[in-house]
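Asker: Please model the entire structure based on the sequences and the hints provided.
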Amino acid sequence: MAFEPILHANLPLIEVADPILLDTLYADPRAEMYLLTRLSERVAVITPGSLEKVQNFLLKQGHTPKVLE
Amino acid sequence: MVESQFRFDHYFQRVNADKLKKMARMWGGTGKLRKDECIAVLEAGLSDPVKVRTAVQSLDPWEQSALAILKTFGNEIKSEVLHIAIRATGTRLPARLSRTGWNDQGAVIAALFSRGLILSAGYSPDYFPGYSSGRVFTDERLAAASTPLAVQPFEIEPMLPPHHTVYRRPQTVALDVIGLLQAISDLGGLGLTKTGELRVAAVNKLRKVMKWDEKGLEIEGLLFPDPAMAWIGALRHSDLLVPEDGFMALGESPEHFAARPYGAQIRLLLDGFLRSVDWSEVSGSRSFDSRKNYYLGRQALIIGLQGLPQDRPEFFSIADFERALFDRIGEYFSLGYLPRRPSYFHGKSEAQKQQEIDAWQIKLRENWLAQERPWIVAALKTWVYYLGMVELAMEGREIVGFRLTRLGREVLHPELAAKSDDATVQPKIEASSWVVQPNFEMIAYLERISAPQLAFLERFAERDQVNQHTALFRLTRNSVYRGLESGSTLDELLQGLERGADAGLPQNVVAELREWAALRDQITLYHRASLLEFSDQQALQTALQAGLMGTVVGERYLLLTEDISNSEFQHLDYALALPPCLNISEQGKIRIQAGYRDLCISAQLDQWAERVPNGWQLTADSVANAIGFGKGLADLLNLLATRSNKAISKLLHLALHTWAGENLSVELDRVLLLRCRDDEVFQALATSQKLRPYLKGRLDRNIFLINDEDFEQVSAILLWARIQIADQIEVIPI
Chain A
1 MAFEPILHAN LPLIEVADPI LLDTLYADPR AEMYLLTRLS ERVAVITPGS LEKVQNFLLK
61 QGHTPKVLE
Chain B
70 MVESQFRFDH YFQRVNADKL KKMARMWGGT GKLRKDECIA VLEAGLSDPV KVRTAVQSLD
130 PWEQSALAIL KTFGNEIKSE VLHIAIRATG TRLPARLSRT GWNDQGAVIA ALFSRGLILS
190 AGYSPDYFPG YSSGRVFTDE RLAAASTPLA VQPFEIEPML PPHHTVYRRP QTVALDVIGL
250 LQAISDLGGL GLTKTGELRV AAVNKLRKVM KWDEKGLEIE GLLFPDPAMA WIGALRHSDL
310 LVPEDGFMAL GESPEHFAAR PYGAQIRLLL DGFLRSVDWS EVSGSRSFDS RKNYYLGRQA
370 LIIGLQGLPQ DRPEFFSIAD FERALFDRIG EYFSLGYLPR RPSYFHGKSE AQKQQEIDAW
430 QIKLRENWLA QERPWIVAAL KTWVYYLGMV ELAMEGREIV GFRLTRLGRE VLHPELAAKS
490 DDATVQPKIE ASSWVVQPNF EMIAYLERIS APQLAFLERF AERDQVNQHT ALFRLTRNSV
550 YRGLESGSTL DELLQGLERG ADAGLPQNVV AELREWAALR DQITLYHRAS LLEFSDQQAL
610 QTALQAGLMG TVVGERYLLL TEDISNSEFQ HLDYALALPP CLNISEQGKI RIQAGYRDLC
670 ISAQLDQWAE RVPNGWQLTA DSVANAIGFG KGLADLLNLL ATRSNKAISK LLHLALHTWA
730 GENLSVELDR VLLLRCRDDE VFQALATSQK LRPYLKGRLD RNIFLINDED FEQVSAILLW
790 ARIQIADQIE VIPI
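Protein chains in written order, with my numbering: chain A, 1 to 69; chain B, 70 to 803.
If you're looking for bench data, these hints aren't it; they were derived computationally from the structure.
Glycine residues also receive a C-beta, built at the ideal position from the N, C-alpha and C atoms.
Some hints could be false.
What follows is a list of derived Cβ distance ranges for each label pair [as the list claims (entries may be wrong)]:
no. : chain 1 : residue 1 : chain 2 : residue 2 : range
1   : B       : Arg204    : A       : Lys53     : 46 to 52 Å
2   : B       : Glu736    : A       : Lys53     : 39 to 45 Å
3   : A       : Pro29     : B       : Glu289    : 48 to 54 Å
Answerer: What follows is the structure, given as structure tokens:
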């Protein structure tokens, strides 16, 4: 159903270079609980207010995510 | 009081006329002038720089000291601090201002006021509350014309050269301070409570990161008690920590601090320590009064250090120094209780009078040796030593003497410090400051390294150890990540390392640093992205052709690169509470209201409920499943409370709790009720042997419970007794 464009502002997102990485996160309950709508194979919405938890989880897993405002 | 108000002109009208006459004398006024004439003389004098200079030069030395001290404090000061500071300089005061017995401070302040050098910062500019604490200020024009503070050198002789001394290099001090600032920056600041106090958890986090034991920090065998509170107080009072959005945040970056010359760094921190009332050098009483006195003591101590003979590079004993300081301020200052000089001698002989005065002086000295002397030693071995201002002479673990370091002399006597003093000027050439080894360890040479380079290393590397001449760092993936996250680039890191390296960078280190930096590009987290959602791909393409800029995500989203929040698009702000949009039945069926869209709610419901036609269904299994995956019931309840158009039913609320694992129970059974409104009837039935086997129990005062299968038997007994049986029990309808 068509609708007028919607601007989603101040939206916490995660973007990965490799889609498998996002698949892996969705498959891990510890990360999945903070991941919401998957907008594409590489981009997903993070539960508002949970970005730091996702960052901490990623750091513990050995990742070094870039954090942008 | 804002700076622009440090002009007496604003206040003259509120000063008593008799007092104005005294103030005007310095400017040529006489005792016969009217109030308005006095004000005219005062204003004319203060507005003429030549007259101001002449007037200041004509002041007695102690008055000039007062002005210099006021200038150091930004033209405003507590009267008790001004009084003690003047005394500590050793400048001779007129006899009438000393030994008044009960109000030496008041006498000094009153004299400065009469001279026209200060006004009260209190309610009334000409009211000075005697010996109690109040603030005074001077006119900025008088302060500007003041001469540098002259501290009379102590007449003390050097001690014998010590065998063992300890001191800290400016580079070591800078390294520790920059490390502390970087740690606070990495923590994101120190959290404050709603009342503006530091959160205990925040202070503990800082202690953990800095590896500070709660009982203290030991350096060269010297204990610095509670360094967290000491440093937080010093940083706050030097404006290196400022309140911002519920946190104490850095007022300037570690790099900005490091760019200052060492002397300027220490002067700033010294100012912070001098003004801090949040910590004391000795454990014990932390009452507000005792903290206030430590603050006074620090001011006096610093002036005392300025009184060390400047032309003597030798060490001076603690005993001689503290005695010299006692001679200047012992009668007027104590960290605790100060016995007042005896002043009432009516009917006493000269001998008796002298006896009382001698006893008082002995008491003063005893108190000083018990209290102030240990505190002076504690101050010297904590913040004064830690700031690199003194070299301590040790005998075992005891400090027996000290001297100012070159850095200490520069800080305390900037007018005498040599411009080309190697100890305090940072190296201009940045090469050969460190060696980077193939195992990622770095050896930094403290003699050659500059403070900005130290800040660079603190940003990108982990510090392992600090020795007398070197500091050991290590490049790790986490430390490099932290540095890049702070806003630096890989090129800045590589160029900075290369510039300071003694012999180039090992190739494996460069390769690994590049790899670590590249890892950061694998995952990007956006705190506050702006995303446009279109109904289909065609609509998105149309918008792009119309000039909209961004990165396409999926089929119908555009991640914007510019702010269009004031555009005409329908707007959802995820930083605010999203609007209610759910309709929830008592059975747990959920529907999103027609026409509403956001990017969270469907996925959130998927986590807790099963999809059904036209919505979702909360079930015992779906909720238990979510709980099993680590989600909390509170999250679901909060989601439903905030997003539902009306509160969920109490039954559903209860069901969610039990589905989440809570044990709640009720009692349900098939029974017959036999109610007897008449007490006599009730008693008869209750005591009947015949009925006893059929009475299961009592529910209330006049209600029996009977098994369903015994209905016939019980009815028969009641019929035999001709007791009428009503068809129904009267109940209160719900």
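Asker: Now, for every hint given, state plainly whether the structure supports it.
Answerer: Now the hints, each set against the structure:
no.	hint	verdict
1	B/Arg204 x A/Lys53: 46 to 52 Å	holds, 48 Å
2	B/Glu736 x A/Lys53: 39 to 45 Å	holds, 43 Å
3	A/Pro29 x B/Glu289: 48 to 54 Å	holds, 51 Å
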